[in-house]
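Residues per chain are reported as follows:
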Amino acid sequence: MAASPKEIPVPNIEELFRPTHDERARQGMVSMIRKHAIIDMRRALKADYDERIEPKLEREGRKPEDWAAIEKSLEREPSYRFYSTIRYNAQEMCYLSVQPAVERALPAMIDLAKDLAARNPTGGSLRLNPNLEIPRYITALDVHLAPGWVHAEYTADDVAQGAVVAFGGKVFSGQHPYRKKAGAVGESISYWLKRQYPNFKPKRILDLGTTMGKNLLPYCTAYPHAEAYGIDVGAPVLRYGHAIAEHEGIPVHFSQQNAEATDFPDGHFDLIVSSFFFHEVSVKATKKILKECNRLLAPGGVMVHMELPDEATVSPYENFFWNWDTLNNNEPWYTSYRAQDPVQLCEEAGFGRDRSFKLHVPDSLTFGEERYEKFMRGELESPAHGSGGWFVFGATKQ
Amino acid sequence: MTTSAEVHLPRQTKGKRPHFFEDPSIDQMMTFLLELTTEVGVLRERLDTVERLLDSEGSVTRAAIEAYQPDAATEQERAAWRDAYLKRVLRMHAPE
Ligand SMILES: C[S@@+](CC[C@H](N)C(=O)[O-])C[C@H]1O[C@@H](n2cnc3c(N)ncnc32)[C@H](O)[C@@H]1O
Chain A
7 MAASPKEIPV PNIEELFRPT HDERARQGMV SMIRKHAIID MRRALKADYD ERIEPKLERE
67 GRKPEDWAAI EKSLEREPSY RFYSTIRYNA QEMCYLSVQP AVERALPAMI DLAKDLAARN
127 PTGGSLRLNP NLEIPRYITA LDVHLAPGWV HAEYTADDVA QGAVVAFGGK VFSGQHPYRK
187 KAGAVGESIS YWLKRQYPNF KPKRILDLGT TMGKNLLPYC TAYPHAEAYG IDVGAPVLRY
247 GHAIAEHEGI PVHFSQQNAE ATDFPDGHFD LIVSSFFFHE VSVKATKKIL KECNRLLAPG
307 GVMVHMELPD EATVSPYENF FWNWDTLNNN EPWYTSYRAQ DPVQLCEEAG FGRDRSFKLH
367 VPDSLTFGEE RYEKFMRGEL ESPAHGSGGW FVFGATKQ
Chain B
11 MTTSAEVHLP RQTKGKRPHF FEDPSIDQMM TFLLELTTEV GVLRERLDTV ERLLDSEGSV
71 TRAAIEAYQP DAATEQERAA WRDAYLKRVL RMHAPE
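If you read the sequences in order, they're chains A and B. The numbering of the first sequence is our numbering, which starts it at 7 and goes up by one. The numbering of the second sequence is our numbering, which starts it at 11 and goes up by one.
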């Protein structure tokens, strides 16, 4: 669908966020504390484990064999304790550092989002369902340590959690080498899709757990003739995401739905995507959602989800690193999700095993074109997930 | 329902807080320490703004501080300062 000509520019909801001088300075500090934990201290912890802890345990004949044993061996080590506490505090501070400015901006943000939802100047839409039951796995605790996460509403037509999660996310990734640009995942995967399936021209795209569509927008740019749909259970993030997409001039149809059972017709989409999604739902829900994907995907279609690498794909140490979030970042499904084989999950959902895949694809923003061509020819491996590459799994349909 | 102008967002996270130390007071102290570390960085940045305004304008007002927008080079210098500052403050003892 083509965007309608824009005589009057659509205002940007993000420009209503006006932190004070000191709030901005605080956000900058928090980004750097987060970087210190997730890059510098993570590296120091790994070195301490490799050079001191593991050799010592090996000499004593008790070398840790799996991620849980590695975690156990580290629990009392200062390198682990301080890495953990600094990482945990930085995570909380991301949201704390933006909340006051969001509170001040809220009335104006709500007015703008409401106006854009009524007018749809770019041609997108917003469909909310106030009766939707938000799954327990979303409401039981505050995922990512974000109070109110993506779903809490404090006033009518609320967008606060959209803004908190969006700006808190910018603080979170402000100094991260591979996450500085919003939408890096959508950009990287659409870049890969275009090379992997050069003749593939999707007509309708669906993004599951889209939050505010940050990683859906790059697919719209890559496939400008496709209609784009984003679903999520959280109303505030959908309202906020709709306002952003309308401002960006990209028509997106947002709707508040549970991905386990949507109201779209069979075979409605030829590209189904998601990012950072499945590890946030229960394993039971994961299986239901993949079945729903199978119902929604048209023949000739492609499904591709960016996710954490599964346990079997990475080393025991890396499994320890990823599973840290389970108890320490309110991500209760991380460990059990990662214990599944994504290819097997696709097969169980009805996709052909030989048409299902899992692999790392390079981060297209940082990898370089020449190296990318080598990667496509199989001459060069992708960097690991989160370190210059992204792990994806999915399936194609005949 | 609360009007949009009255919303106060919750500052506490729902869910069990992990402890990384035997004595949970140390977990609490780490929060104090990191908040204080952050505030020193904020204060230092404010001073940096004052100095830069004095260099370029010869005078400074609170409104000028609020309105100050660092250019990319200044932002880069500030990021480098924060990075070095945190490496100093969060210096770890050698493992034993
Ligand atoms: C970590 S966020 C995803 C981030 C987003 N895809 C991105 O790339 O920026 C996970 C999202 O999935 C949503 N979600 C979780 N369970 C869902 C379900 N059953 N149906 C639809 N959305 C769901 C959550 O509300 C949340 O917004």
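If you are wondering where the hints come from, they were derived from the structure by calculation, not from laboratory data. Hints are supplied without guarantee of correctness; some may be wrong.
[What the hints assert, rightly or not] For the chain B half of the interface with chain A, some residues (derived, Cβ under 8 Å), not all of them: (1) Met-11; (2) Pro-28; (3) Ser-35; (4) Thr-48; (5) Val-60; (6) Gly-68; (7) Ser-69; (8) Thr-71; (9) Ile-75; (10) Glu-76; (11) Arg-92; (12) Leu-96; (13) Arg-101.
Quick caveat, the model's predicted, so the values are computed rather than measured. Positions of the beta carbon are idealized from the N, C-alpha and C atoms, including for glycine.
Practice item. Go through the numbered hints given earlier and state which of them the structure violates, listing their numbers in rising order. Key: Per hint list: 3, 5, 6, 7, 8, 13 violated.
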